[in-house]
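Now for the letters of each chain:
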Amino acid sequence: MNGLENNFSGVHKKRVCIVDDDEMLTMMLEDHLAKNPSYFIETFATGEEFLKVLEDEEMPDIIILDFNLDSVQPQAMNGLDILKRIKAHNKKIKVIMYSSQEQYGKALQTIANGAVEYIIKDNGAFEKIDHLIKTI
Amino acid sequence: MTYLIIVVVLLAGLGLGYYLAQSRASKKRQASFKFLKDVLKGEKPSSEGASKEAFELASLFNEKISILDDDSNTESEPEDDTAKLKDRLNNILIINELGQKITSSLKLEETFNHLYHTLNSLMDASILELAVYDFEMERWDVFSNNEDEFTGEYHNHIAEWVLSNDREVFLNDVQLDFGRFVDRPLELKTGEMVASMMSFPISIGGKARGTISVMSLRKGAYDEYHKESIEHLLNFLAVALQNAFTHEQLNLLKIRAEESEKHEQQFLANMSHEIRTPMNAVLGMTNLLLDTEMNEKQLKYLKAIKTSSKNLLVIINDILDMSKLEAGKMEIEKIPFRIRDVIENVGDTNRFKAEEKGLKYEVFISPDIPDVVKGDPTRLNQVLTNLCSNAIKFTDKGRVTISAKPSQNGHFISFSVTDTGIGIPEDKLHLLFSNFKQIDSSTFRKYGGTGLGLSISKTLIELQGGKVDVKSELGKGSEFSVHIPYTLGTEEDVKSLQSPIKSDYSSLTGIRILIAEDNEYNQIVVNDTLETLVPDVVIEIAENGLIALDKVKSNNYDAILMDAQMPEMDGLDATRAIRKLETEQKANIPIIALTASVHKADIDKCLQAGMNDFVPKPFTRDELLGTLAKFYSSANPKSEVKKEVQAPSAEISDMHEVEESPTKNGAVTDLNFLREFAEGDKERMKKYVGMYLKLLPGNLEKIEAAHNENDNEQLVKVLHSMRPHLNYMGMKDAAELAGNIENAVREASDQSFIPEAAETILKECKQSEGELNEWLRK
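If you read the sequences in order, they're chains A and B. Quick note: the first sequence, position 63, residue 63 per the working numbering, numbers continuous. Just so we're on the same page, the working numbering is the position in the second sequence counted from 1, plus 1000.
Simulated from the structure, these hints should not be mistaken for laboratory data. Glycine included, C-beta positions come from ideal geometry on N, C-alpha and C. Since no wrong hints were added, every one of them can be taken at face value.
Far from chain A, by Cβ distances over 10 Å, these chain B residues were calculated:
1) G1013
2) N1243
3) Q1266
4) D1318
5) S1414
6) T1509
7) R1512
8) N1519
9) A1748
10) S1749
11) E1764
Simulated pairs of lysine-lysine, DSS-like, Cα-Cα distance not exceeding 25 Å:
12) B:K1374 to A:K14
13) A:K84 to A:K52
14) B:K1334 to A:K13
15) B:K1732 to B:K1694
16) B:K1374 to A:K128
17) A:K134 to B:K1324
18) B:K1476 to B:K1428
19) A:K92 to A:K134
20) B:K1300 to B:K1357
21) B:K1694 to B:K1766
22) A:K13 to B:K1324
23) B:K1467 to A:K35
Let the hints inform the model, and build the full structure from the sequences given.
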């Protein structure tokens, strides 16, 4: 830390998007993360809604994506598809996948496709996600 | 360098020439030699541009050539000489390389190691010493391979002589010649005697700072070429020493800088306390005075004092804020608040000032802005007040308008303060937000102020992720805008916001208060304020934490106002001690911190020590009495004490009850996880429980349908999304069963247990519905 430097060049808020159709979980996660004033949090219940955001000029910084995302349309776009879309759009966006399933294979798949981490939706998930966002 | 190569070539030429000479007739021989000599003579360079060694070698050549001319029997010499010259060249190259290595070391130990390795390939350096003398501490730092050490102290060492006299010593028989330098010869602890020694001073800036000494146990170990090698090394050694000194100094500077930074932070914290404490006395006394009877003149003067003190407080806060911002220690809150409340508050302070000047003060709040948002209301207030008071300051006629509306893209709220004032020249717009610069010095003198306000405002806004901008036209007016991204809050969030308790403090009648405060004037301020405003109040004063503790032990009080910083025992320690008292009633007494610091971290410390709430210094009457009223009501003198408080002055007025875990009675739900997650906030817990109950019927329907149709795929799908909910409600059994079902279907293993498991889950879910609904009603 350099106390004498001029810190006046503005501080960037992290734009965090939660993409999950589980209303309750989304609410709890948003509340937990919102304690940190440097996050700007948005939530999306479907993949389609979220993908519109990618068209924004200001890219989201971090995306928390449900692996088993249900979609409205018949051609189901699940979490993995969305992950691929995100990475195709901009490699720099960090994506954290989470899911109720503890499948090792699926986890590897998400990491192979560019996810930062694969988190299980258990009681410790909120802390883990919070910690991850701070460190990535 | 190229010259040396030429010289080597000539060497070869010389050798060849001699061979030719031997095998030819003498006349021919003479001719060839003369030829060679002429060539060589022609090649002799001027002394500039060549190193000393090279020049010496050139002279050496000429010497040799003239010897050859004499036709003496020097058959073996040229070859020896050749070898010797080759050697010397080689040595120079080696020394140069060594020099590079040692000048790039930062530590003398490294330097010594390089020296020791290399020098031993060039000479007998059985004992090598690199010694540096610290003139300040008057002691030697010696790097040596000789662990045996010498007998006698270092100052009786020849190296000491070398340093003091700044002269070299070159002895090939130390036993014989030592007398010129030291009292006795150099004897190792092993009894061996140093026989040959070379010692040179290493000088930096013309002053001898260290020595290098090479020693051997043999006599006659060193010749002029060895000496030459070490001499050649001296410049490099000087650089190495210099490097080591600089490196050490840099280290020291770094340590000092780190310490000064720590001191600076401590200073900031102390300063805040030192400054706010007397300010509290000034403002407090002024207020008390205003309550007394006085004549018109006194009233006039006193009001002037009050206004000036308030201004002074603003300036002081600006400066303290600026220090905090520069030290990177400013914290931004995120709590729910009403935008309208903040704007109203800003109006309260500024409307009067505007109207006094004959200006119109207008407020415009768009109906489209959300009622409740989450952010930092204090800082918003600070920024808007700053902008408003600037607008009023620089406007002589017309109006000042403050407005709030959602931004174009909907994510931000835009606040603007518009005025019809003197405006700002375009080329000065960019200066607006920098420290201390006003547009020009005449405005500074005319309008006053620290000039810090806008700069602080800009940083505060940017820390929240927002932006500021300004539009202005000279002579017409200016518009300052602030855009802040807020997340939405709900009505429920603010329900628990405390509404300010206005001036009726009769509920505090009869309260017994202990004031723990070391500053005499502050004691008076608190004491008199309470006495004036609260009927039948009983007050006692303690000058420090120790006395406070004693008084609590021997007397009964309804509340304690505790200054955080006191001598002997400070407020935090006193609080901790009180909380440990045996009598429960005494241990639970409400303790309110009187704190000069408004750092979140410091307030947290107070709360963690066991304090219930805090009042900032300087405080307003409402702040002091309002906070007390939270903990005491004459109707109910033994009010319960709050245990968990997050942002006490802004939230929660109900008492929390500590909940018991329901699982004792065969219940399926267990709210302990949720309670911890919501940090004890019951409203928040209710929100989550409500959401669970809302989603439950839909999920149950799906489970039932899948169960009845024996559609395991469908069943797994529902259970998969329900499982986290079950976990968060503490329904461990149901969650486990759901997991088992999922695994069985996925791995296609035995699925016969599934129908029964599904029934159990359904049953438990229905039970959870009942339990949670009942909990909600409590």
